[in-house]
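Asker: Whole structure, please, built from the sequences with the hints as guidance.
Letter by letter, the chains look like this.
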Amino acid sequence: MQNRILLVEDDQAIADAVALNLKIVGYDYARFDDGQAAADSLESDHAFDLALLDIMLPGMDGFELLGHMKKYGIPVIYMTAKADAASEIKGLLDGAEDYVIKPFDMMALMVRMEKVLLRTGRLNRIYRAGDVELDDYKHLVYKAGAPVEVSPLEYAVLLYLMKHKNLTVSREQLLSEVWGFEYMGESRSVDVKISTLRRKLGLGDAIKTVQKLGYRLEDR
Amino acid sequence: MKLRHKISLLAGAVLLLVLLTCAGVLLLYARKTILALAEDQARDKQSALSASFSSMVRYYAVPEDSDAARESLIRYCFTRFADQEGVLMRGGETLCSSVAVDPSLYALPDREDSRTAVYRGSVDGRQLLIVASLEWVQTDTLYVGLVRDITEVYDAMARLTRLFLLVCGAGVALGMGLLFLAVKKSTAPLSRLTAATGEIAAGAYDKRVTISGRDEVSDLGQSFNRMAEAVENKIADLTEQNERQRLFIGGVSHEFKTPLAAVGLHGDLLENAKLSEVEREDSLQHIRRAGTYMTSMTQSLMELLLLDQAVETEETDPAALLSIVSEAAYDGLAARGVTLVTACQDASPLPLNPTLMTSLLLNLVENAARSYDPEDENKTVTLRACGRCFEVTDRGRGIPAEAQEHIFEPFYRVDKSRSRKQGGSGLGLALVKAIADAHGATLSLDSAPGRGTTFRVQF
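Just so you know, the sequences run in chain order A and B.
Going by the numbering used here, the residue at position 141 of the first sequence is 141; the numbering climbs one at a time, nothing skipped.
Plus 220 on top of the position in the second sequence (first one is 1) and you've got the numbering used here.
FYI, nobody ran anything at the bench for these hints, they're computed from the structure.
Owing to the predicted nature of the structure, the values given are computational and were not obtained by experimental measurement.
Do not take every clue at face value.
Once the Cα atoms are required to be at most 27 Å apart in a straight line, the calculated DSS-like pairs of lysine-lysine come out as [stated by the list, open to error]:
hint, chain 1, residue 1, chain 2, residue 2
1, B, Lys477, A, Lys90
2, B, Lys494, A, Lys143
3, B, Lys494, A, Lys115
4, A, Lys212, B, Lys477
5, B, Lys494, A, Lys208
6, A, Lys23, B, Lys477
7, B, Lys494, A, Lys200
8, A, Lys23, B, Lys494
Answerer: What follows is the structure in structure tokens.
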């Protein structure tokens, strides 16, 4: 069961970028460019785990839309160009879970989304790429339905790649996320774990080496 | 030293000097008069004494008298008329006297002219007035003197002088006190002015002083108030201007955030994500569009900034202007399927800046073209030159009443998402307003939702 996100953003370019990001890492989503239309649609379909709302929207602004989200218990993250403290305070006091200011970094937004989903107990912790499945509840990895033995570090690397499916992840990111900031080891350790994962799970083609950048777990 | 102290001290000194001078003159005159009076009295008395005594001696004297008899006659006669002040002498010998001094030492009449001699002065610590004359009785030359002690007159004059000085001193002290109070009262507004100046300097620009009266100080107060008023207005203007600029800059940076966010997000996607050809092309497209949008906004901003300078105008034929605008607008309108109709009702030249006015009309025409939805039919924009005005009319969706007063504000959008989709910078109408203002022309609009809009630039 994928997490389902409601995206309400009137700027085409930003909505496209966010939607595309959500899609490729494995979120399901519905998008609207009008606040009123989004609110109206909730009556028939409100099975969302999280809403990403712009504030200045045609039809109905984000602050008002928050009330409709609360009615269905949908947590909200604002993403807005309104950088003033008053708006941010209002948004958070009204009950939004988080507030990101444009221009924002998509990676950072996804981390915030994950935190909110985790906090509200809605995070789907089963990840899939091809025929490989990672069950983060049970800490198990399956290949075509059969459990595969992986070490804790390999598991952590695979989890990070799964969370950022179809996106390039740098060796530095992996080092700091999996091994920790203090780890002074070489990025060679990353390469070793990656090759083990490729071998054990038959992900030789799926985990791409992106020259000079890092690795990308592809599944599309 | 405070001004009121200075004025009081100076006035006190002047007062003292004047009073002392007057008192001195009066005292001197009084002294002279009193002494002259005393002398006259003494002279009268002495001459009466002298005359009466000598007449009596001449009456009773007979040539056969012995010296002794004559002497006793003289003594007798003298004592008949003289009191304690009289002195009778003969040759250097005192015949009759009840005073301790020898008057002939001080006042000795000349034998030749027989005039009266007068002496006034200090003898043994007493002030004496001595009047003396010579009388010839038979063979004798008699010295008849009057010695009058006028020490008391002098004492009285000294007392008078002291009293005068005391009164002068008290008068000066009282005068200075009153003067100090008066000066303090009349310089009090200056203290208030000083305090008010301090407050204004500290930022209380609404501070005013109330100074009654019609003197220079109240004039100063009034001109101070006028100055404070001017300062307050100027400060308010500057504050407002500053606030406008701050809001404008805030608006500009806000407007840049959305396209910048789009560029950042799509840039990241292109760099990091596995994308299909179509997705890649879409992302590139978004980046290009954001770039175009930011370019057009920057251009409008530059134009707005340049409008702060004075506008040069020249007599321009409206018809020529209309043809320039319609040519410049043609491609953009054709792409939207909008037809531009121009009409020139009055071709008399107008004083305007052709470049700026072209920009104004072009903005209005493009704005009018955006009022149509793509699916509308009969999309027509009319540009009319009507004597001292220009009008741009569309039959599009119109502007809601509540939006009409904001429509010329920078970055105001009636419908934000639609406007941006249609490529508006959010500055077009602000630019139109700025250009109209720079020409001293008034800008008005007449619009009803669903019926369309007419913008009018009236010279």
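Asker: Just to be careful, I want the Cα atoms of B:Lys477 and A:Lys90 compared with a cutoff of 27 Å; is the pair within it?
Answerer: holds, 21 Å
Asker: Holds or violated: B:Lys494 with A:Lys200, Cα cutoff 27 Å?
Answerer: Within the cut-off at roughly 24 Å; holds.
Asker: If you draw a straight line from the CA of A:Lys23 to the CA of B:Lys494, is it 27 Å or shorter?
Answerer: Answer holds: A:Lys23 to B:Lys494 is near 11 Å, not above 27 Å.
Asker: Between B:Lys494 and A:Lys143, does the CA-CA distance stay at or below 27 Å?
Answerer: Holds, because 23 Å separates the two Cα atoms, which is no more than 27 Å.
Asker: Compare the distance between the alpha carbons of A:Lys23 and B:Lys477 with 27 Å, and conclude whether the hinted pair is satisfied.
Answerer: Roughly 24 Å separates the two Cα atoms, so the pair holds.
Asker: Hey, B:Lys494 versus A:Lys208, does the alpha-carbon distance stay inside 27 Å?
Answerer: The given pair, whose Cα atoms are some 10 Å apart, holds under the 27 Å limit.
Asker: What's the verdict on B:Lys494 and A:Lys115, does the C-alpha distance respect the 27 Å limit or exceed it?
Answerer: holds, 25 Å
Asker: Starting from A:Lys212, check that the Cα of B:Lys477 is at most 27 Å away, please.
Answerer: Cα-Cα ~30 Å, so violated.
Hint 4 alone, counting from the list given before, is not met by this structure.
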